[in-house]
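Trainee: For reference, the chains in residue letters:
Protein chains: 4
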Amino acid sequence: MSLKVVIIGGGSSYTPEIIEGFIERYERVPISEIVLVDIEAGAKKLAIVEALSKRMIEKSGYPIHVRSSFNRQHALENADFVTTQIRVGGLEAREKDERIPLEHGLVGQETNGAGGIFKAFRTIPVLLEIADDIHRICPQAWMINFTNPAGIVTEALLHHSLHKKVIGVCNIPFNMKTGIAEMFSCPVEQVEIEFMGMNHFVFGKRVFIRGEDRTNEALAKLTADNVHYSPANIVSLGWSKEFVRALQLLPNPYHMYYFQTEDVLKRDLAAFKEHGTRAQIVKQVEESLFVTYENPALAEKPKELEQRGGAYYSEAACNLVESLYTNKQDIQTVNTRNNGSIRDLPDDAVVEINAVITKEGPRPLAVGNIPLQVKGIISQMKAFEQLVIKASLSGDYDDAYNALVMNPLVADEKKATAILDKLLEAHKDHLPQFYRKGVVSQ
Amino acid sequence: MSLKVVIIGGGSSYTPEIIEGFIERYERVPISEIVLVDIEAGAKKLAIVEALSKRMIEKSGYPIHVRSSFNRQHALENADFVTTQIRVGGLEAREKDERIPLEHGLVGQETNGAGGIFKAFRTIPVLLEIADDIHRICPQAWMINFTNPAGIVTEALLHHSLHKKVIGVCNIPFNMKTGIAEMFSCPVEQVEIEFMGMNHFVFGKRVFIRGEDRTNEALAKLTADNVHYSPANIVSLGWSKEFVRALQLLPNPYHMYYFQTEDVLKRDLAAFKEHGTRAQIVKQVEESLFVTYENPALAEKPKELEQRGGAYYSEAACNLVESLYTNKQDIQTVNTRNNGSIRDLPDDAVVEINAVITKEGPRPLAVGNIPLQVKGIISQMKAFEQLVIKASLSGDYDDAYNALVMNPLVADEKKATAILDKLLEAHKDHLPQFYRKGVVSQ
Amino acid sequence: MSLKVVIIGGGSSYTPEIIEGFIERYERVPISEIVLVDIEAGAKKLAIVEALSKRMIEKSGYPIHVRSSFNRQHALENADFVTTQIRVGGLEAREKDERIPLEHGLVGQETNGAGGIFKAFRTIPVLLEIADDIHRICPQAWMINFTNPAGIVTEALLHHSLHKKVIGVCNIPFNMKTGIAEMFSCPVEQVEIEFMGMNHFVFGKRVFIRGEDRTNEALAKLTADNVHYSPANIVSLGWSKEFVRALQLLPNPYHMYYFQTEDVLKRDLAAFKEHGTRAQIVKQVEESLFVTYENPALAEKPKELEQRGGAYYSEAACNLVESLYTNKQDIQTVNTRNNGSIRDLPDDAVVEINAVITKEGPRPLAVGNIPLQVKGIISQMKAFEQLVIKASLSGDYDDAYNALVMNPLVADEKKATAILDKLLEAHKDHLPQFYRKGVVSQ
Amino acid sequence: MSLKVVIIGGGSSYTPEIIEGFIERYERVPISEIVLVDIEAGAKKLAIVEALSKRMIEKSGYPIHVRSSFNRQHALENADFVTTQIRVGGLEAREKDERIPLEHGLVGQETNGAGGIFKAFRTIPVLLEIADDIHRICPQAWMINFTNPAGIVTEALLHHSLHKKVIGVCNIPFNMKTGIAEMFSCPVEQVEIEFMGMNHFVFGKRVFIRGEDRTNEALAKLTADNVHYSPANIVSLGWSKEFVRALQLLPNPYHMYYFQTEDVLKRDLAAFKEHGTRAQIVKQVEESLFVTYENPALAEKPKELEQRGGAYYSEAACNLVESLYTNKQDIQTVNTRNNGSIRDLPDDAVVEINAVITKEGPRPLAVGNIPLQVKGIISQMKAFEQLVIKASLSGDYDDAYNALVMNPLVADEKKATAILDKLLEAHKDHLPQFYRKGVVSQ
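Chains as they are written, first to last, in UniProt numbering: chain A, 1 to 442; chain B, 1 to 442; chain C, 1 to 442; chain D, 1 to 442.
In case anyone wonders, no lab produced these hints; they're calculated from the structure. Zero decoy hints are in this set.
Pairs count within a copy or across copies, as identical chains cannot be separated in the list.
Below, a list of computed lysine to any residue pairs in the SDA-like style, where the Cα atoms sit at most 25 Å apart: (1) K328 - R28; (2) K328 - R210; (3) K221 - D398; (4) K205 - I331; (5) K4 - H135; (6) K205 - K359; (7) K390 - L372; (8) K266 - E103; (9) K328 - A181; (10) K241 - G105; (11) K44 - S69; (12) K205 - D399; (13) K205 - R343; (14) K54 - I23; (15) K415 - G105; (16) K415 - G238; (17) K221 - R206; (18) K422 - S240; (19) K54 - L3; (20) K414 - N216; (21) K221 - T178; (22) K414 - Q248; (23) K390 - D348.
Excised from the complex, chain A in its bound form (with noise of 0.2 Å):
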């Protein structure tokens, strides 16, 4: 057998990685065809990113065909993977998602808070259309999203979409592992930790050094040592030993949003005074990857790559292909329907949790209830993924507000009616579903 994957978003940054994780796999994952699609906005950088793919390929020696296209629909057919890392609106879009609520000196932040709210508002509904696609053309594919907020994505997906093939992945859980690892001084394929709750609001229950549970001597080394696991676009504040004695958790970097909000809000807005919005930063550091990428002797993917915030995504996305192909039944960490798996959230909630990755889909580990000290913040933050996901698809004002009003950190009633309104105005251009009658409908 012979497989065909498409990646969606392929003019990304990140597609070498993808394709370095595909050639690395090459014996047990027998891909002959990737298909790069991208919207012909994008056609520069999908050139550049499908020569660099060509080259990287041909050294690998292995016998796989790939090609760009603008046409999605054409692209789909017959494909047994699609991935998904896509930027609705590019990163100028990112930039007023990150500025605007700083300027009301609120968290800016591309997936948390305000911010992220108006990401999925932009990115759900395209997202929705792809699903829909995928089931028409080819619903056998499995439906990898790595777009985020790839929580809340899945969980649109997976309630709003007739194709259920949808998993999502994030980088973080395996940063975290990688983090413990060189905590213990180990390698990572010994570590787990048992994962529970959301994307970017997901915690380690427990953390596991070769199957013995090692939870205790983890938390204390955390601030003990003052590890740093955080992903590279997130400079973590730190955690202080009172907070994860209490906890009894491992929180993850985006934490810091919600425990640390007064430091990071500073520290962002001081940031934001100097260089501009993280977006701006980003766009920089893009345009010199592609300049490497052009480079037509490079045939690997360059260690730049590694620096940018979301490395390992594109691993996550790999040996989930890998095991969903071969039906290796590893446990990995992925955001999938709850089933039960976490037993204070709904059924049909989408979780961050292991999950053993079977030819039919990923099957989630049962961790049973949410410890006290956080079963009401998760409890939370689901209801409000729920209210940015009914948001997203009825365009109504109210709806966005009540998504607003209840992030902890808006939850203030009137910044909340002014920074929706800016929002609204400033993405205007991508949110057709709040305009569909020439204005916002109050």
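Go by the hints and put chains B, C and D onto chain A.
Mentor: Same frame as chain A, now just chains B, C and D:
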């Protein structure tokens, strides 16, 4: 049959209101004996209230015998109803609950945020002792608690005391109904609000006038008319049209702490600088009230009492006594075991809910699922309440830390430590559970 | 305001009882128009009932206008209350429901076992049409159903019709209260039973006399005094002391089918041999009743009607109408959406439960968890009911098979097939959903 | 590291199988010591098994030390794994469990109906003592129970013993996989069945061959080929096409007691008349087995053992030991805490479920909701199991009555009394909890 009522905290300035309530209901609720119980430190106030109560009853002509006592156990013998309205540590403690958070830039309030948490820490162990006494000495008696935080306290009692005949009451639901009655220019008896949530975090889901659902009208009036239905001690900042329209629920005045945090804090800090804490103001009001009470010509509840924040607390308690005694089966809003009435909260959680009041206690009316827009925040507040109860009993530093850091008005890992240390030290004398070995164990 | 009532199945022998109920309540419930609706096949009975109803009203002196109609849609215009008491297929169909199971050695009864399942299959589609008519023509009207199986039917309507103002009633709860009143020699108004379960599978959890819990006494009297509180059409075999003592609950008469199956079957088979089915006996009773009704001198509900099994059905319906209209807020036992009131059953399941009856409908009183001893059997019966509803709508052979094989009175994989085939054939004319292609699809 | 295993009930005829299992796995599971523990009454059998075990190990050449002991506490010191395979009251008790119900016209079987209930009553208190010993003496040890009724027993242990490292195993799931492997002509290692339910009441929800969902095919083959996958001691009567097609699930052989009750009873009564109870037959088989075991030339598990009903029980236990020790993370079917994996059952219920076996124990794979067609019956059986556990510990007559009357194979209020009285009397010596005051208290 003749009834005996014991009022724990009988020296409270609110006592004349409850005495008045019993006089008004005498024909239906034949009370023959009222014992006012207090601690010896409150001897002077107790004597003043006892004398005033006697004058009030003498004027009424009813054969009710009133006396005071420092001996709680003795007083409880043969009691039919026991009301509890105590303030562990007095207004001095309240002053600290309000001041210390404000000094850290956080909401400093008697029943919300850090202040409310410490009020619970001081109060729960004392009320548990009282409930255990009741269970031993007069197990047939109903314990009616209006000590704040009334919801948390009632849940602590129902979970940790053997005495299960405990009901918590608050004046907020009654005040909200009064506000609605004003809006609709009708008697308060014709108003029903379907309440759902927890004490001081309750929402009105539906508003009925003479049995007809008039919710939409009520929500519109709320912002249109700028009607204020806040209790006297909380000056509401008013709600925006956007908030009320999107929520589709009646908020209660205390919600301003959660959705207008910055404005409230600004206002409270200004007031604090000018007048000191609310506790200090209340202290003056109390002193002035007791001067009034001492007047031997006074034989009725003085008008001034109604301007005190807690007005109608006693009204709620007296209504409850009447319906319990007469098996009236009317609908009242109480704090009682959820028992499934709010589907998304645990069975054994205490909720503020409409219930039919029967001789055998309240039977809550099922309201089903919490609307999505507040499902998250209500779930979080309930989990937070459970963290408070856990820490109140364990006296464990980490448990207390979790309660603080998971409260939306704290929600900062470093401030939680700072404020916890300060408040533990400030309230040392009233928190023996945290000082078992002389120092707080960490 | 004047009210219009439509009685679907107006030619029923029970109609004089409901007419009497409306006359008695006229001062509180000013009905100006009653339309008796039936199908043309029932023209003769309808005419007799209409004439009797007119004589009864004339005698009362109240200005109520009665008329009959075969045109349901027309009759429904401007209706305020619609009652439904129909029998799809008439007593001939009932005769088959009773006879065929008995011939296979299984309980043959109108509302339990295979017979009850087929009654549901025939009835649900017809009542759904009626509910949809109501929703379209008189959406403000309450539909009060007492067609059996009343609980299953009400759930089917609430799940599958847009009309949500539907309440199911049954006379069993009222009859059980009457039985308890006899036991305690008190008026039935002083009795309250806390009901919990489903129609014809309801248990009494607690018994209150004048608000006091007298459950233990009631249970003791039940077997000690050998009191019979069965409805007229079910001759109870009595309960053993062991059963009642261990259960700690009040069973209802229909429970004999489940816990005295062998004895009941023996008795029913003997009666069947001697007198034929119950349907045949009822047919004779009906004929005799109608002879009585035809007497032009008769202007009141005849005594004989009370001996018919369904006595007090109409009483329950009239009480409901009164409380809905007057917002009486008294407690009645109805079939309504669970909404969390019985914790172990789904939210949207229909349960038989005590509810406060308001202008906006019933609000059930939360009873919490089902006692362990009946939790299993109640859960099973509810799941069984849902299988019945599923098959009623799908017309799928396998769905119908599942309903039969999972019913405790069938529970045999081979008998399920045999009896299913026989009953499908016997009721062919009234089960169009199973014969879409002319034959039953398997 | 070297491991110590204690086999409680070491004199069992099954022991040679488990010894063989440990020999086969020695390279991966280095056991250095095995202690066979039994009661003195079983001294003779214990000696025979010990001698055979020694010969088997000698032949293997591995340095495993085997010894026997009557002193359980002493034997448990430093144990790593403890298996429990006991029969309280021996085959004499089993004979009564089978005979007495049959004499009342009810299913008389070792693990189902009245017989299974009494087996639980006798077994649970003894196994609780053993678990408590383990917790005190070797708390690090895993207790692997294959004493029947294995699911009920495991739940009793997990709820009522402090020792939480308890796993229940059964051979039925393995046998069902073997049956499927035969159907698909593939090695059993390539078969996975998604199990869901409780021990002896488990269903196969999905069937996978090499990771691919082949459920529909398996269901079709089940009735088409008339394949028998029953364990040796249960001669299945076969399933009808209608049953399997409507259920859409793989039944297990014990389901015949519930859905073919009448036929099974007829067959068992006939066998009873001709050959006596199954216990009596087993007794002869056992005697013959022990004659074989005594042969000093025998140094391997004799073929005859495989024909005994419990074959593969030890296989399941040995697989479990291996995966627990090596952190193998393979999927096995075990009886363990539900923890949300089957949504409709309580968190703390013990279920039979697929789980990843890690060094820290089993982690069940979430299967979500129970399909509607068996949701009711599974819920009932779980509630029934909980009634059995309650009565096992309370020794209360009414609790025992509830367990009997709510079992679908009894379900008769009078028979429940008759059979309960008979069985309590018959098993008097092994039911001390019911005879605390010398007589059964009612």
